[in-house]
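**Q** Whole structure, please, built from the sequences with the hints as guidance.
Chain by chain, the residues:
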Amino acid sequence: MKFAVVIFPGTSGEGDVYHVLKNVLGKSVDYVWHAETDLNGYDVIILPAGTSYGDYIRAGAIARFSPIMEAVVAFAESGGLVLGIGNGFQILLEANLLPGALLKNKSLKFICKDSNLRVENINTFFTNHFEADEILSMPIAHNFGSYFCDEKTLEELTINQQIVFSYSSLDGKVPQVANYNVRLANIAGIINKEGNILGMMPHPERSSEEILGGTDGLRLFTSIINKLEGVGA
Amino acid sequence: MFKGHVYITLKEGVLDPQGKAAENSLDTLGFSQINQVKFGKFIEVELEAENKEEAVKQLKAISEKLLANLVIENYRVEVVEVDK
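Those sequence lines, one after another, are chains A and B. Sequential numbering from -9 applies to the first sequence in our numbering. Sequential numbering from 28 applies to the second sequence in our numbering.
Simulated from the structure, these hints should not be mistaken for lab results. Hints are not guaranteed to be accurate.
Unchecked claim - Computed list of chain A residues with no C-beta within reach of chain B, every gap over 10 Å:
1. Gly44
2. Pro57
3. Glu60
4. Glu67
5. Leu93
6. Asn95
7. Ser105
8. Ile112
9. His119
10. Pro129
11. Ile149
12. Gln151
13. Asp161
14. Leu202
To be verified - Each computed BS3-like pair below joins lysine-lysine, with the alpha-carbon atoms no more than 27 Å apart:
15. A/Lys103 to B/Lys47
16. B/Lys65 to A/Lys142
17. A/Lys94 to B/Lys65
18. A/Lys94 to B/Lys38
19. A/Lys96 to B/Lys68
20. A/Lys99 to B/Lys38
21. A/Lys142 to B/Lys92
22. B/Lys84 to A/Lys142
23. B/Lys38 to A/Lys96
24. A/Lys142 to B/Lys47
25. A/Lys96 to B/Lys84
26. B/Lys92 to A/Lys183
27. A/Lys99 to B/Lys65
28. B/Lys68 to A/Lys99
29. A/Lys99 to B/Lys47
30. A/Lys96 to B/Lys65
31. A/Lys94 to B/Lys92
32. B/Lys38 to A/Lys183
33. A/Lys94 to B/Lys47
34. B/Lys87 to A/Lys94
All residues carry an ideal CB built from backbone N, CA and C; glycine is no exception.
**A** What follows is the structure, given as C-alpha cells:
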C-alpha cells in the first residue's frame, strides 16, 4: 500500500508525517506537489499540517482550489481514505469534504501544547487500534482550531457518531452539557458520514515515537494499515 | 471600470472572540456605553464589467466562491462606477 502526502505552498508538517510512515512504519510514501493532478496508485491521501498560502482569506481557503484538490475530491468520493491534520483539516472543510468550519481560537492566541483526547468512535478506518473511550495524548498547534457548525449539523454529527475525537480531561471526562457552544468546543476531530475522510486538529504524527513523548498517534496510522492490509501492528 | 466593496460579517451565533476582546478593552478604557462590537472584513475590488448589474454579479460570484465562507459568514456587495 502507498501513501501520498500533499504539499501546498506554506505546508510545513509534511516531513513529520512522511518520517513516521517511512521510517517508523516502513511504508511506501511519496510527497505530491499541489500542482499535480494525478493520484493514481495511492491508497491513502494525507493533507498535512502547516499554513498553506499563509492562512490568507481563511485557513485552507486558497489551498482548496489547488490543482491537486480535484484529484483529492475524486479520490475521496470514490471511497479512498483521506486524512487531514491541522491545516489539512481546514482544507477539507473549505473543500466541503467535511461539514463545518474552523474559527480563530477563543483565546485569540496560537495554542501549542499537549492535549488529552477521548476516542469517541473506534469503528473507523482510522481508530480501530484504539480502545473505546480511551484517553490519548497528542499535541495541538494552531491558530484556527475552534470547530464550528450549525445546530442541525451538530445533531447529525452526534447521531452518526462522526465526532471521532473529543478534547477531554485526563480522567476521561468531556463536559456532557446540552450547551451548543460547549459541545462544539469539545470537538477535536470528525469523520464524514461514509467513514473515509477524517479531519483532526491534534497531531498524531507528532506523537508517534517515545523520544517525542508518546506513541498514541502511531496507532492512528497502524489502524489505517490494519484495515487496508488486514494485519495487526 | 467599477469599484466594488465587499462586506463580510460573521453569521448570528458564530463566536467572535476578537469582538469580545475589543468590548472588554473598551470597557476598561471607560467607554461604558458600548454594548457590542463585532468584527468583519471589508474588501475593495476593482473590476471591469459591461454594466453595474454585471459587476454586482461578478462580485457575488467571487464572494461565494472564495472571499466568504457561507458556513460562518454573510456578505454584502456595493458597486460604484469610477473613471479609468
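**Q** A/Gly44: least C-beta distance to chain B exceeds 10 Å?
**A** It holds; A/Gly44 is separated from chain B by about 15 Å at its closest Cβ, greater than 10 Å.
**Q** Examine each Cβ of chain B, and state whether all of them lie more than 10 Å from the Cβ of A/Glu60.
**A** 15 Å, holds
**Q** Confirm or reject the statement that A/His119 sits farther than 10 Å, beta carbon to beta carbon, from all of chain B.
**A** With a cut-off of 10 Å, A/His119 remains clear of chain B, as the shortest Cβ separation is near 32 Å.
**Q** Confirm or reject the statement that A/Asn95 sits farther than 10 Å, beta carbon to beta carbon, from all of chain B.
**A** 7 Å, violated
**Q** Take a quick look at whether A/Lys99 and B/Lys47 sit within 27 Å of each other, Cα to Cα.
**A** 14 Å, holds
**Q** Take a quick look at whether B/Lys92 and A/Lys183 sit within 27 Å of each other, Cα to Cα.
**A** 24 Å, holds
**Q** Is A/Gln151 truly not at the interface, in the sense that its beta carbon sits beyond 10 Å from all beta carbons of chain B?
**A** 21 Å, holds
**Q** Would the non-interface assignment of A/Pro57 survive a Cβ cutoff of 10 Å against chain B?
**A** Non-interface label on A/Pro57 holds, nearest chain B Cβ at 16 Å vs cutoff 10 Å.
**Q** Is it true that the CA of A/Lys142 sits at most 27 Å from the CA of B/Lys92?
**A** 23 Å, holds
**Q** Is it true that the CA of B/Lys68 sits at most 27 Å from the CA of A/Lys99?
**A** Measuring from Cα to Cα gives roughly 20 Å; hence the hint holds.
**Q** Going straight from one Cα to the other, do B/Lys87 and A/Lys94 come out at no more than 27 Å?
**A** 25 Å, holds
**Q** Is A/Lys94 close enough to B/Lys65, meaning Cα to Cα at most 27 Å?
**A** 14 Å, holds
Hint check: violations occur at hints 5, 6, 22, 25; the rest are consistent with the structure.
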